[in-house]
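*Asks:* Each chain, written out:
Number of protein chains: 2
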Amino acid sequence: MKYIDKLEKTSKKNNSLLCIGLDSDYHKLPRFLLDNRYPQFAFNKAIIDATYDLVAAYKPNSAFYEVQGEHGILQLKMTCEYIRAKYRFIPVILDAKRGDIGESNDRYDRFAFEYLGVDAITLHPYLGSEALEPFLKHADKMCYILCRTSNAGAGEFQDLKTGNIPLYQVVAKHISDSWNKNKNCGLVVGATYAREIKIVRKLAPSLQLLIPGVGAQGGDLKKAVQYAMDKSGEGFVINASRSIIFASNDEDFAKRAREEALKLRDQINYFRKGGK
Amino acid sequence: MKYIDKLEKTSKKNNSLLCIGLDSDYHKLPRFLLDNRYPQFAFNKAIIDATYDLVAAYKPNSAFYEVQGEHGILQLKMTCEYIRAKYRFIPVILDAKRGDIGESNDRYDRFAFEYLGVDAITLHPYLGSEALEPFLKHADKMCYILCRTSNAGAGEFQDLKTGNIPLYQVVAKHISDSWNKNKNCGLVVGATYAREIKIVRKLAPSLQLLIPGVGAQGGDLKKAVQYAMDKSGEGFVINASRSIIFASNDEDFAKRAREEALKLRDQINYFRKGGK
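Line order of the protein sequences matches chains A and B. Number 238 in the working numbering belongs to position 238 of the first sequence; there are no gaps in the numbering. Number 223 in the working numbering belongs to position 223 of the second sequence; there are no gaps in the numbering.
By construction, these hints were calculated from the structure, which means they are not laboratory data. Here the structure is a predicted model, which is why all the values come from computation and not from measurement. Any given hint might turn out to be false.
The list cannot tell twin chains apart, which means a pair is met if one copy fits it or any two copies do.
As the list claims (entries may be wrong) - Calculated lysine-lysine pairs in the BS3-like style (CA-CA distance at most 25 Å, straight line):
id, residue 1, residue 2
1, K28, K137
2, K161, K222
3, K161, K45
4, K161, K202
5, K173, K161
6, K273, K222
7, K28, K181
8, K273, K181
9, K28, K161
10, K77, K223
11, K255, K13
12, K12, K2
13, K183, K137
14, K161, K2
15, K255, K161
16, K45, K263
With the sequences and hints as input, model every part of the structure.
*Replies:* Shown next, in the form of structure tokens:
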């Protein structure tokens, strides 16, 4: 099933535009899990089983598995397989921020979509659409391209004026106007830059937005939601990672993650409906 | 030992500015290696043992190991460890083209510099220096930032005029002027854009350049070398991957790789000395 169809089905069923980021840092896991042969997977499994009816998507961040070496990569795969096997309509976004020339992208593409079997990936725009063709050719997947990132120093290049408009806006417009032939492009825009979300939504009225930066990074949820909505009141997911998955570091971590996920899902919905 | 000291020592000893790219695609390996439990490692080991006295550096491309999943990651690690153990002064550049926010970059950093133990990494500039700080803080490593990539469509964003100058030049200048406090920044500039190498060298007179795109991609070696040289006639490495490592697909693959490496090393030196 296409990413976009999975996303629609799951977000309707769960009444949710919440994406939970599985940034499952080994060193932040509850200590009692560390005896497990696959502690990152055991942690993810518990989080997923506790939140599957509250999410629109899951987003494992590749960095936190790679740092554990081949054993981390295996647990990333186990996590993706677990979601696919048990919760088959929940889409999985691999947050990998890849971007190379075509020959290498073909391999990154197969890592994401064949080995891991995910439904979407995050990508860098810098090499242009010609280089990203191995990803862009999959009409059933989603390519979330970095547009305006959530970090404090994002503006160093992203705000550079090209002609009269900042680079991140050129990226948004290019992708909306000419990369999206297969209707499989989305944009990453940080909630820490609410004003920029509003501008990006105007430039790219029909693209899916992936919005990190609420929770631990402190973005403004209300503005992020209200600016990110497309005409149908959807067209985006809000990602939170640490504020949900590490809400507790104790036996109750999954229960506490569920409470935080429920709260955030409901806040997103409240703001979608015009709540102040 | 610092990357830059390893590079100097090895390039002097081997009279070489050649970097061999270990893009060791499983599906292109000689068939008789496929029975090996670690075919990518076995292949790399043979290539390295046949060329160690001809190179300035090796550059494994992460994509070709990731696509093989956890078993590929392990072989990437085995390759890096093998070079470090047997040829301790040959620097290893991880071609990973990473770039995320700080928290995630910290994990990618540890994947590269602790788990794999490499000496340098390739990075995307899009998120700015604040995000790349986990990499930039290592004065003993090298951060090769993508500036002008070798692919045909590189200009889509990289040639956008910001003020009066194209984005890739702004990137070169920013990195040269303000990112290089620890003298550990370099730039990736494709040999397929010789004119751009000349401009980048002017903007960044003392930065190390990593130049892919000769060999299979067809860049102009003579111009690349002559434009890339700093005042001392050095300051760069030329990377070739497929044209060397896959010169033969038979029992003689390592011998043929050595012949191609020798030829290219000598061509680079010929052009360094003003050869036409």
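*Asks:* Does the structure break any of the earlier hints, and which numbers would those be?
*Replies:* The structure breaks hints 2, 3, 7, 8, 9, 10, 14 and 15; every other hint is satisfied.
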